[in-house]
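Asker: Using the sequences and the accompanying hints, generate a full structural model.
Protein chains: 2
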Amino acid sequence: MLKTNDETRIDVVALMNEMGRAARAAARPLATAPERVKNVALHAMADAIVASERKILAANAVDVASGTENGLSVASMDRLALSSERIRAIAAGVRAIAALADPVGDVIAAWTRPNGLEIERVRTPLGVIGVIFESRPNVTADAGALCLKAGNAVILRGGSDSANSSAAIHACLAAGLKVAGLPETAIQLVPVTDRAAVGAMLKGLSGAIDVIVPRGGKSLVGRVQEEAKVPVFAHLEGLCHLYIDVSADPDMAREIAVNAKMRRTGICGATETLLVDRAAADSHLVPVLTALAGAGCEIRADSAVRGYYPAATPASDDDWTTEYLDAIISVKLVEGIQGAIDHIETLSSHHTEAIVAEDPVVVERFFNEIDSAILLHNASTQFADGGEFGMGAEIGIATGKMHARGPVGVEQLTSFKYRVRGSGQIRP
Amino acid sequence: MLKTNDETRIDVVALMNEMGRAARAAARPLATAPERVKNVALHAMADAIVASERKILAANAVDVASGTENGLSVASMDRLALSSERIRAIAAGVRAIAALADPVGDVIAAWTRPNGLEIERVRTPLGVIGVIFESRPNVTADAGALCLKAGNAVILRGGSDSANSSAAIHACLAAGLKVAGLPETAIQLVPVTDRAAVGAMLKGLSGAIDVIVPRGGKSLVGRVQEEAKVPVFAHLEGLCHLYIDVSADPDMAREIAVNAKMRRTGICGATETLLVDRAAADSHLVPVLTALAGAGCEIRADSAVRGYYPAATPASDDDWTTEYLDAIISVKLVEGIQGAIDHIETLSSHHTEAIVAEDPVVVERFFNEIDSAILLHNASTQFADGGEFGMGAEIGIATGKMHARGPVGVEQLTSFKYRVRGSGQIRP
Chain A
68 MLKTNDETRI DVVALMNEMG RAARAAARPL ATAPERVKNV ALHAMADAIV
118 ASERKILAAN AVDVASGTEN GLSVASMDRL ALSSERIRAI AAGVRAIAAL
168 ADPVGDVIAA WTRPNGLEIE RVRTPLGVIG VIFESRPNVT ADAGALCLKA
218 GNAVILRGGS DSANSSAAIH ACLAAGLKVA GLPETAIQLV PVTDRAAVGA
268 MLKGLSGAID VIVPRGGKSL VGRVQEEAKV PVFAHLEGLC HLYIDVSADP
318 DMAREIAVNA KMRRTGICGA TETLLVDRAA ADSHLVPVLT ALAGAGCEIR
368 ADSAVRGYYP AATPASDDDW TTEYLDAIIS VKLVEGIQGA IDHIETLSSH
418 HTEAIVAEDP VVVERFFNEI DSAILLHNAS TQFADGGEFG MGAEIGIATG
468 KMHARGPVGV EQLTSFKYRV RGSGQIRP
Chain B
68 MLKTNDETRI DVVALMNEMG RAARAAARPL ATAPERVKNV ALHAMADAIV
118 ASERKILAAN AVDVASGTEN GLSVASMDRL ALSSERIRAI AAGVRAIAAL
168 ADPVGDVIAA WTRPNGLEIE RVRTPLGVIG VIFESRPNVT ADAGALCLKA
218 GNAVILRGGS DSANSSAAIH ACLAAGLKVA GLPETAIQLV PVTDRAAVGA
268 MLKGLSGAID VIVPRGGKSL VGRVQEEAKV PVFAHLEGLC HLYIDVSADP
318 DMAREIAVNA KMRRTGICGA TETLLVDRAA ADSHLVPVLT ALAGAGCEIR
368 ADSAVRGYYP AATPASDDDW TTEYLDAIIS VKLVEGIQGA IDHIETLSSH
418 HTEAIVAEDP VVVERFFNEI DSAILLHNAS TQFADGGEFG MGAEIGIATG
468 KMHARGPVGV EQLTSFKYRV RGSGQIRP
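Keeping their order, the protein sequence lines are chains A and B. Everything in the first sequence is counted per our numbering, starting at 68 for the first residue and increasing by one. Everything in the second sequence is counted per our numbering, starting at 68 for the first residue and increasing by one.
There's no promise every hint is true.
Identical chains share a label here; the pair holds if one copy fits it or two copies do between them.
Using 30 Å as the maximum straight-line C-alpha spacing, the simulated DSSO-like pairs for lysine-lysine come out as follows [what the hints assert, rightly or not]:
#	residue 1	residue 2
1	484	285
2	245	122
3	285	296
4	122	270
Read the hints as simulated data drawn from the structure, not as lab findings. Since the structure is predicted, the reported quantities are computational estimates derived from the model, not experimental observations.
Answerer: Structure below.
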């Protein structure tokens, strides 16, 4: 690991461009690597992670000591600190990725033309992925393994606070690649903490990077989306809404609201705004809010809601666009499904929205007229997760409409090409 | 149509931003417009185009007169000039788009989770498409109709040489939208010829444009790819290769080579470089080159080829990366399939490549190891076309790996979202 005082002596952009060239060169053999070989690499990585526990913990202790000295937040320190148990979980995560089906070569569609041409659309790797993440050592292994499974080379750039931990884990990934005879440059970790490295990645390293995936908070994602010259798979915010229709089962509405908000408040699929049908104000509103408050949630409500539930804090305009990631919820009465659709289409971050309703017409309108990545009926927004979708490990959730939307798993890290089989056809 | 001398008095960027807002507003009702309503609009557009033949021809006559005065090339004048027959063909093209299946709402994938959640991935419109095209009046109708069919709003920016013709055709599209009760701003034509309008579109009009599709020559596409801040569906070049293996049927190789190069030399799927297996030099090479020359093709060859076919012009280094779009072909002997793969992976524009071979092992290597949008076996590269693929009308062919690759038809102009149906599930 090159420390900041060494970095002044190295040319970061030249280093990054060389990493880009190496990744691009590795992408070609990776693209045709058989599933078996990739899985040998992944299991060897997991073995190396388990076998290197002492080394990884020692490296992590250095990061944790610096983090304490630098006054990292409790949440940051929790994400940074590794334990024997966490290291075993990281290795298990890599093995779970090995167990996923290999998407490369899958025939997505096939048809035959009247002239006898047989056309197939088959999955191919995307090429080179750039992953920029904050100081969470486990992402080193998760992201490296997931990109490899989809046949992609990857350049990882982790947060400086976890630099030693990430380097120790990366060494295990490189060892796994070596065991399988795959190029070690298939998974590279940027060895400098200079922010210029991120800038170079966002410019795409002269065409070497096909897509950037940021993993972290809003400031990281915002910078990446603002500056990137290459496609980005990300969501800036998960401003998720839950709408309770007058036709909702009251018990179900209450249980889903509490779960959607309070199960884990810090994840992107946590509900931030509750919209309640004005027609359900008498029947559903107060029990739901009472249950939320009873679970420890602060209620910020418009004046109409406060008429029914005076204990609520008045909501300001900002509350309708704030991703709290905390035990706070904004609550508003709306004019039925039309009001819910208008509110969500205007203010949502288009990540995940849920409806509780029994009226099928209302549900279909919700499903048809709201254009968010994930829409749920009679289920908690907290199911917005690649694992919960049965897609296996995910590298994040995307709200863009291009290529990947919703959970970004191994399949979303692929492209496709057409294979056409003929018997001498020429075009008239 | 605002002429250049008026443009100094208007704020082009403000005008474009207003068009962007109008397009975004139109996108929402369009996204939920039933197939029947969109088809009513498309047929009404076709009717209006046929009924407006005199007006369109009169507008075209103005453009043709200016074009003559401005010294447009013969090819440009041919693309610009309309006739009664061409206008009927434009209308027929719009009706053919009406006849395509509506992709919006298609369930692409569906599965049920162990907890009973039913997950569907369904197609949705992309939103707002920006189409930037050269002076081909027919693209106004083609692009407008195709975007509408996929439920997208579109902003069309045509070349200034066809401004009057495009405006006359656009009036027919607007009339069709009106008949169907769809927002007329669903298909907007930029009413100024100022190049600043293109610059504003490439910046995305403050998030109003989701994707840009350039239709035109290399200088247009190059500018768009270089400057665009939003995703682009395009190919810069169609540097297509044909490889003839020693296992190829010699007659088939000859027929495919002549068709792939000479059927139409100006299309992106025309072959530009012929690679011949060195082992096939005695058996296949000379008959193929003789047939090409007999069809009027200039042969530019490396020295090894010239040993067998001395009439060829010596090829320079540039010939291996030149898209001639003309009756010229570069020819090289390569060391079997490995040599062909190495040459293509190094120099191709990754648009379309074909192989003539009977050996299945060689064919599989070609299909697996070359990463171009379209790969063909025993068929002409000139089949690289959405219509020939059975995908209906296309707005172009993309060589990027993100979202759309190969022919960009109505399906490629969509995104998707997840619909999840539950019965009260909460996440443990």
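Asker: Hints the structure violates: just list their numbers, smallest first.
Answerer: 4
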